[in-house]
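Working from the sequences, and respecting the hints, build out all of it.
One line per chain: the protein sequences are A and B, in this order. Letter by letter, the first sequence follows residues 1 to 179 in the numbering used here. Letter by letter, the second sequence follows residues 180 to 497 in the numbering used here.
Check before you lean on any hint, since a few could be wrong.
Said to hold, decoys possible - Derived list of chain B stretches under chain A, where covered just means 3 residues or more per stretch with a C-beta under 8 Å from a C-beta of chain A:
| hint | region |
| --- | --- |
| 1 | 191-203 |
| 2 | 263-272 |
| 3 | 352-361 |
| 4 | 487-494 |
Since the hints were derived computationally from the structure, they do not count as laboratory data. Glycine included, every Cβ here is placed at the ideal spot set by N, Cα and C.
What follows is each chain in one-letter form.
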Amino acid sequence: MPRYGMVIDTRKCVGCQDCVIACKTENNIPEGYNRDWIVTESHGKFPDIQMEIRTERCNHCSETPCVSCCPTGASHIHDVGGVVLVTHEMCIGCKACVEACPYDARYIHPDGYADKCTFCVHRVEKGEKPACVSVCPTYCMHFGDLDDPNSEVSKLLQSRKWHVNLPDAGTKPNIFYLV
Amino acid sequence: MNELLEITTTRNNPHVDPSMGMWEWQIPVYLFLGGMVAGMMIIAGYFLFTGRHKEKNCSCFFIPIVSFVLLSLGMFALFLDLAHKLYVWRLYTTIQFSSPMSWGAWILILVYPALIANILIKPAKWMTNRIPILTEYSKKINEHPFLVKNIGIANMILGMMLGAYTGVLLSTLGSRPLWNTSLLWVLFLVSGLSAAAAFVHLFAKNKYESELLAKADNGFLVIELFVFVMIFLGLLSSARPHIEAAHLLLSGAYAPVFWVFVIGIGIIVPLIIQLLAVNHKVSHTAIAPILVIVGGLILRFVIVSAGQFSHWFNAHLH
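Structure, rendered in structure tokens:
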């Protein structure tokens, strides 16, 4: 069983928003909503300041508070790759999953259901890459099977330093940022 | 020069950014009404259990009718909150054991029969006038004191479950540090009991019950203060996001409304007035119970709003 994840090289990401636009067009995201977005973080003390640009989205966590709080089972873990998905016609729009996500990665679609990144599972199941990964001009995004030690993502994690977002929240996120 | 930490995001999802505000007035209103109804069920159940229904003007006769109406209003508020309203029936095609909201949906289904059973012990005149058969049901129930006692027990247990689950629901959402305390259900249950005691005290025709509930309310208010102390002790000795969450109420953006309305006007002032009243220093007025009820409502608004505002962050950078 594969476990899909992403490895994103923050040293290559320039924050161009191509991934954001690709997601919006591929998944028909309504105006004013985002499944993925760009975060710029600067920290340090002048002149020793570090800046990191990240493309963020649902972390498709291994521990999923958004799934366990769902009262109808609409929010679930997909059979393939551990991708976290929402079945629209089972969602009642109670917003518990939106509140449960420490990354604030979910929103309520204007049609009433909870919505978020799907890792473009409809593309991945056809052997294609997620839309955001496929358009990245700096090739900073990598998608693959974290459980396969020979996959590109696993090799990058073995050879480079990385961090995840909000590790203390305990959700075991599956998006890794190379530093 | 100070340490710099600047985070900018291009995300601007409605009700998520700049800070979480998904749950608006509907949720605190439901939490308040659900909590107060839970308290009223426990009170009515206790009166039935102790045989007070033999008194003509026992509060246990009007409590279930009022509870029925208030809970239905609360559930209507919940319904208004749902973004995918036509799919609400999906709640009842499954039981999700890991989701307190799913337990709650089923607890609410069980609460109504318990309320109706309580109503049937002595239906109001306007009911028996319209549905005469209710008088017969009432007769049959009253022939079996054991049954009345059990209806009391059922109301107490389901009231506890209803009052507790609302707190558990929020406290299991670990991504909101302010809610992430296992004492939240105790706070909501005690606050619900306190609002219920105040409400029934206001309308009780039986003097003994009215006096008893004023005394009980004082007890609930003192316990509520202790629970607050324990919650803050827990949060302040937890991780940095929990400490920040506690400070939202203690000294941050929500501090004025928390100290003035929840603690001051909602607990301390009515406690002083009611202590004087039960010791016959001043006469009972509607002021203290109304303050308790309003305080309970504001408590839910503060907890829901500040809880959504509280969030995890990379503490090593802050």
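Practice item. Determine which of the earlier numbered hints do not hold for this structure and return their numbers in increasing order. Key: none
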